Structures are given as C-alpha cells and as structure tokens.
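Peer 1: Here is how the chains run, residue by residue.
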Amino acid sequence: MFVLNDTPLDPTALHPRLQQALGDDLHHRYALRMRDTGLGLATLLYLKDHKAGVFPIHADIPAEAAKQMATKAGCDWFLEDNLVPQPLPRQPGQTASARPGAGVLVQMSSGTTGAAKVITRSWDNISTEVRHYADFFASAAKMTPVIACPVTHSYGLIPGVLVALHRGHVPVIIDAVNPKYVLRRLREVSNPVLYTSPAMLHTLAKLLPRDEELNAAVTSGTVLPDPWFQLIRARTRHLFQQYGCSEVGCIAINQDLQAPCDVGHPLPHLDLQAGAPDTPGQVRVQLTTGGPATTDAAGGNWVETGDLGYLAADGGLVFTARADDMINVAGLNVYPQDVERAVMCLPGVEDAVAFRLPDPQAGARVGLLFVSATLSETQLRAQCADLLADHQKPALLRRLPALPRQANGKISRRDIAERYASGTDHTADQQVPA
Amino acid sequence: MTFDSVLHAMQQTLAGPLANPHMAQFGPEAVLNDDLHIDSVVLINLLVHLETDHGVAIPERDFRKEDFVTVADLIHVLLASPSAAVAIEPEAAPANQDPSEITVHCFVSCLCAAIRRHEGLDFRPFYFGTWDSDFAVTAQQHLAYHSAEMTQDHYIRWVEQLYGIRVSQWHDPALSKSDNLTRFEKLLHTPATDRQLVVMLDMFHLPERDTKYNQDPFPHFVIIEPTADPEVWHMNDPDYRWRGDLPRAAILNAMAQPSVAGGYILDSTRARAPEPQDLVAYFNATFRPDANPLTDALRRIITYHGHPERPLALPELEIALRELPVLSLRKYAYEHAFAFFWRALGLSFAAFDAHCDQVEALCEGFRRLHFQAAKLAHTRDRDQLPELIAALDALDRLEFTIKTALHAQFQTWCRTTQVAASISPNRSHETRAILKGEPA
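As given, the protein sequences belong to chains A and B, one line each in that order. Mapping the first sequence onto this note's numbering, position 334 (from 1) lands on 334, and the numbers just tick up by one. Mapping the second sequence onto this note's numbering, position 269 (from 1) lands on 269, and the numbers just tick up by one.
In case anyone wonders, no lab produced these hints; they're calculated from the structure. All of these numbers come straight from a predicted model, not from anything done at the bench. Be a bit skeptical, because a hint or two may be false.
[Stated by the list, open to error] Counterexamples of contact, computed for chain A against chain B with all Cβ distances above 10 angstroms:
1) Lys51
2) Phe136
3) Ile158
4) Tyr181
5) Leu183
6) Asp226
7) Arg235
8) Cys261
9) Pro277
10) Gln282
11) Asn301
12) Ala395
13) Pro401
14) Ala402
[As the list claims (entries may be wrong)] Each computed BS3-like pair below joins lysine-lysine, with the alpha-carbon atoms no more than 30 angstroms apart:
15) Lys65(B) with Lys206(A)
16) Lys142(A) with Lys206(A)
17) Lys51(A) with Lys67(A)
18) Lys117(A) with Lys48(A)
19) Lys48(A) with Lys67(A)
20) Lys65(B) with Lys67(A)
Glycine is no exception: its CB is placed at the ideal position from the N, C-alpha and C atoms.
So that you can see chain A by itself, here it is in the shape it has in the complex:
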C-alpha cells in the first residue's frame, strides 16, 4: 500500500492485469519506462515478488535511448504504460538459451572512468540492505516517508519505498514538481521524513513560512553547498544524510547532520575502507556477509565508489571529493560519455566533449563542446531534445573548430571544466560563427 500524491493505491489490485499482460513465465529481465508513477511502482513490486529482473528507467529518457540502455543492460522485454511487452533485440553473442539473469534490480552507474556501466543486484541482496538499513536508521523508525524524488532510482526506491514497506509504513510518493504541494503534503502527514534531492530541499527551506520547520529530511547524492546547508539545517528539526553507491546501496547514514561532508557511520553489514584525515583515499566497500553485487566487469569483492574520503576518529566517513567525471544534476547522475555518445551519433557532429559546469540552481549542469561543419549551436540544441533527458541536456553548448585535445588525443574534462568555471576559457578565442 502506498499513496501517490493524494491517492492511496493498493498495488496488489493490479496483479490480475499484470498477470494477464505478462503471463506466468516471469523468468526475464524487464525494462520499465512508465510515465504513471503508480503503475510503474506497482509493476516493479510485482516483478520483484516474482523474482524477475527489473530495470526501471526514468520516463524522461526518450524512448529510443531507453531501449538502447535496456538492450545494453541485457533486458529482453521493454514495458511502457500500456503494459504491452515489446521484445528487445538480443545482444551480440547472446544465444537464445542464455537468457539474462532474472531475480535482479538493474541500474546504470558510473565506473571510475565515468563511463556508464550496468550494475545488477539480486533481490535477496537488496532485502539484506533493507533489513540493515531499517535496523540501523533508528531515528526515522517511526517516521512516515514522503518521497519526492524518482522511485526509478535506488535512493527513492530502496531506502524510500522498500524500507517503508518493510517497516509497515504507507509511504507517500510525490511526482508533482510543485514545491508548495510538497510542503502541503508534509503538513498533512504526521511525523513525516522527506526523501528528496538537495535542490528540492533547498527550495523548500526557502519557501517555508517563517513559523514552520521541516520535521525531518534525508539528503543524499551530493555534498550540500555550505549556504544551502546553513539554510536547510536552520529550518529542519531532524536532518539526516546518507551515502551510497549503486553496487551495494546505502553505505552510511548520518543521523544528526551538523557538517555537510559528514556522511555518517557505515551500516553494520558492510566493511569500509577509506584514507586517513591527513591522506584521504579511495572509498571502497564490501559486504561482510553474502556475496557482493556483480557488475558486467566484476572484479574483486571490494567495490570502488569513485569517491575520496577518510574515516574520522569516531568511525564516521568524511567525504572529500568525487574521483570521476560524473555530473550530479539536482540529484540525478549524468555520465559525460552518455551525452557525448548521443551527440556523436548525429550526422554532422565530428567531435564532442561533455563536462561539469557549476550551476546555482541544480548544483551542476552539463557543458558541451563540439565540432561540426554543418550544425549550429541552436540546431544541435534542438536535436538534443530527442536524444537526451532534461537533466542530461547541455546548459552550455559551444561550437569550436577543434577540441582542446592533448598530444596523445586524450581530452581532460577536468581541465575544460576548470577553464569554464573560472572564466579563463581560452577556447573562446577560436569560436566558429554559427
């Protein structure tokens, strides 16, 4: 049972329909791209109960791009709101009998190089996380989760929905964009704990009437910029932060956030490695019990998070920096390679590089430099509409005669990002008139 915006929904009422649409053999991997949040979540829960494979995809990702992602992730069926399963092409080298593994949740994540990779986690592995998360996060045990972030992503889905259902709460899921509506629902729900993006949390703190405060909120995904943190902290009674990665889920929770970089204490079912206060190092994590998550390039048992940090004297993890080029746009991850690949598919685009741009509203945005003899910046921007989700679209597009590649042909996103962020953009001298 969950509530979508104002409407209580019983996902089991949909079972006959799903049974009819999907049949009895659920030993498959399904990609779900659904506009209707309630339908999408009900379908996911049904497939989870039947140990099927599920790859939830944000509905903003254009359909064709979503199908490509789904194929890459080894899905054999693609499901949209009409619940008519669409078959996906087999991957090269995959035989008809070698079906992709069912029984897993599929996500896309960044590798340390920033290239998106496929992560699969078994439902059993996720149950373990849910159980430990619920035990460990005692401060929120009696709070009703209000989830104002996508439930297609693990943050909204696992700590948000699945933990709530495990605890016997009826979570309130909000897919409306209106922050005033979120505030209203928080007033209506008793003892709520809000799961949302840092950008939304900051907005709510700004909009909150003087005599009100937020009861409780969880932030995740990015370190809050200090002015945001100050405002949110001042307006929130219980402020929590959690930290995790796609391979193992939630890694640490801070149950009383007083400094934005303090991501909290690790969950008891995990072993954590990081640097020391003077020498921050790679944050690595592994399960103390059970097997680790598998990736399509599974290595040892230790999972590299791609972050740098250290363990403080009290055992809490402190975040210092992100090691890869992933761009966090208002809580949603964008992998520069995804944007580059999409743009390079267009006829007329010869070269492209995507990089991180600081952004006062979204925290970060995508910047894109490209080379083309035929496409202007405006034309490329128009074409991006069909290729990229909103959060993946470049905020800044610059057409150049050539990209600033190094002698070995490599390109440093970081150098470019720094130049654009600091305003010392020397490439601007060589712009092509559109």
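Starting from the known structure of chain A, arrange chain B on it as the hints suggest.
Peer 2: Showing chain B alone in chain A's frame:
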C-alpha cells in the same frame, strides 16, 4: 494577480536571477521546454522567485510538468484560471472576467465552496451536468430558475458520494419562520470546526448587495458566518464571488421573506477526493446526449407566446424570459468540465481554449436570444419569430457539438483512468452497481 503581471514577473525572473540565455524566445506562446529550455529544476526555482520576489501565491496543487506546455499554460495553472479567451476579447462577456470563478448555480457554488476549502480537492467535476440542471416552466409559460417543488436532493446526494461532504437541513418546514430564524441564530453561534451554514435569502431585500439582475423576488443561496460583533454577520456568496460583512438585521430580514425558505449544514470533516468510478457514474447520471432541456423549453415558451391565437401573450414574452440570464449562465459549467479533462488528459491548451470559445459563443447566443425576444415582445412584430426559432436551432446545434466533444473526452478519460481505477482500493459496491446500470 493578473495574467500580465505574472507574465512580467516571469520575464523578470528568467532574465534576471535565473539568467536564462534563451530570452529572445520569451512570450506567452513560448514552449517552456523547447524554446526556453526550462526543465523541472529551473521550473522549481522559477516558482520560488515568483512567490518570494513577486508575491505570486503558488497554489498548493499537485501539478506535474506535463500539465503545461507554454508560458501561458503555466500562468493559467498558477492563476487556476484555465481560459484565456476572455483576456483576448475584451468587449466580450464583461460579466465573466475570470472563468474559473464563473457564476453557474448558486447552490452548487456553495457546495463547491465547501469542496474548495480543502486544498487538493478538485471542485470542477462537481459541475458535471449543471449545464442541464433543473429549472421550471410555470403554468403561465414563464421560465423560472426556482420553484417550491424543486429540491437540491440531487446535488446533496452526489456531493456526499463524491466528496464525502454531508449536507443536512437546519431549516425545518414544520416550524414557523421565526422559530426557524431563532434556530439558525443558535446554530450560527454553536462552535464547529469544519462546518458551513448555507441559507436561502431573497437578494431583492438586500439593497446593500447590487446584483445585475434586479429581480423581485430573487431567491439565492449564500454561506453565513458569525463575526466578533454579534450584530454583524459575514456573507460568503460564492456564486457571485462576493464576501463581506452585513448587518445581522439585514440578513435576517432577507431570510424572513415569504419568497424564501430553506437552509443547509455542510459538514466537510470527512471530505476526500472522488473515486474515478464515482465520477464516471456522476457524469453518466447527468449527461443528456440527446436533449438540451433549456433550448427545448425556450422553444415551447416562445412558440406559446408567439402563437397568433394568443395576441395578448406576445408582450408577456419579455417577462416569461426574464430569468433566462440566470439559467444560461449555467452553460459555463461546460468550461469546468473541459478544464477538468484538459488537465487530467494533458490535452493541448489550444484545443481546450477552442472548446471554451464554443461555450462562450453558446452563452453569448443565449444573451443575444434574450435581447431578440425582448425586442419582439416590445415591437410585437411577429415576422421576427422565424428568426428567433432559427437562432434557437443554431444554439441547439452548437450545444450538441459541445456535448459530443465533451463526451469524447469523457470516454478517453474513462479509458486512461481504467488502470488507475483498477489499482484503487475503495471501489464501493454501490458505485459498481451504478456502473453496471443496476439501481443503487
């Protein structure tokens, strides 16, 4: 807040603090996503600036970014006034400046006022069928929007079934007028949290209130609330969007008139959103696909008064139709229904706007007809009769066109909400019976 002031505030915000690089494209018709590249993050920040810097009160409704395409759409969502038609044609329809606040039906408006106290409850579908709601034709073949035989039972039953708002009578027909007034005063000063008191009074006897129709009598439903001063009561007249304090004695006098009797208690402690299947039942119960009762009655009345064998009746036609303006306003209820489906189905604003234009044309047609009939009564020029009937036929056709379009949207909505309905837990036996066509 007007459309233009919000537009201006939006332009200031996007050009200023949000530094939108695409302002060359800005205008009411600009597409938020494609022209201005506004995604949900920018949108949320835009809303914050509108409210905190420009005083645009953002409604607390659960809109999604699919609910609007253009800048104008967004402004209408913020103003909760879906129709732009009025702003474009300043000389048309001065009576209805803000179509979300249209005058339709005074009792329905009182119930909607109770629904609207609960943010998140959409009052619009409650106007389903109000375009064809009850009226009377007297023995003298006069059109009457109110008669002693008419009851509000239909709306009372449905507002409870749809929204969980309970309506009971405080007025007891067995008691004398003065006993009823005493009873009302006592009730008015009994504290209650989520209750409103509706009274019927004769507006003609409230000279403090200037209405357009100068009717005598003028029975009308309003909501009365106490104030700190026992000699002053607060009147909320949702149908005319009028609110104000009036002397207790004046209100009691208007209630005491022999022309009026009646009053209700609206209890919305258990108010909730309607179930889709109840809305389906409500629409089906009120929708008349093959008849336009008002046009049919007008045809009978005009034919009766215009009959050559009743020469004395013709001048009476003006009086016979004097209440037509009150009734033709109910046709604005179609706009509420279109607005509901427009939002629920995510239809284009242009299509919705076109339907509103048709509804406006219908209402304007009734106004013109009323004028023509008054002219005929005055000139007694029987040659104008065929023209009048032809005008009625045209109104009939237009209203059927509107009904066909509305019904098509209703059917689409039924199909698209099937999934939502099937995962909704609260399907009552009663509504299922209604859906199957069995007596409830």
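Peer 1: Does proline 277(A) really sit off the interface, with its C-beta more than 10 angstroms from all C-beta atoms of chain B?
Peer 2: 35 angstroms, holds
Peer 1: A cut-off of 10 angstroms on Cβ-Cβ distance, and glutamine 282(A) was said to be off the interface with chain B. Does that hold?
Peer 2: 30 angstroms, holds
Peer 1: Given the hinted pair lysine 142(A) and lysine 206(A), is their alpha-carbon gap at most 30 angstroms?
Peer 2: 27 angstroms, holds
Peer 1: Measuring Cβ to Cβ, find out whether aspartate 226(A) lies farther than 10 angstroms from everything in chain B.
Peer 2: About 19 angstroms separates aspartate 226(A) from the closest Cβ of chain B, which puts it past 10 angstroms; holds.
Peer 1: Beyond 10 angstroms from every Cβ of chain B: is that where the Cβ of tyrosine 181(A) lies?
Peer 2: 5 angstroms, violated
Peer 1: Looking at asparagine 301(A) again, its CB stays over 10 angstroms from all of chain B?
Peer 2: 37 angstroms, holds
Peer 1: At 10 angstroms, judged by beta carbons, does proline 401(A) keep clear of chain B as stated?
Peer 2: 22 angstroms, holds
Peer 1: Once the closest CB in chain B is found, is it more than 10 angstroms from cysteine 261(A)?
Peer 2: 23 angstroms, holds
Peer 1: Beyond 10 angstroms from every Cβ of chain B: is that where the Cβ of isoleucine 158(A) lies?
Peer 2: Nearest chain B Cβ is 22 angstroms from isoleucine 158(A), so the label holds.
Peer 1: Given the hint that lysine 51(A) pairs with lysine 67(A), does the C-alpha gap stay at or below 30 angstroms?
Peer 2: 22 angstroms, holds
Peer 1: Between lysine 48(A) and lysine 67(A), does the CA-CA distance stay at or below 30 angstroms?
Peer 2: Status holds; Cα separation ~21 angstroms.
Peer 1: Between the alpha carbons of lysine 65(B) and lysine 206(A), is the straight-line distance 30 angstroms or under?
Peer 2: 21 angstroms, holds
In terms of the numbered hints stated before, the structure departs from hints 4, 5, 12, listed from lowest to highest.
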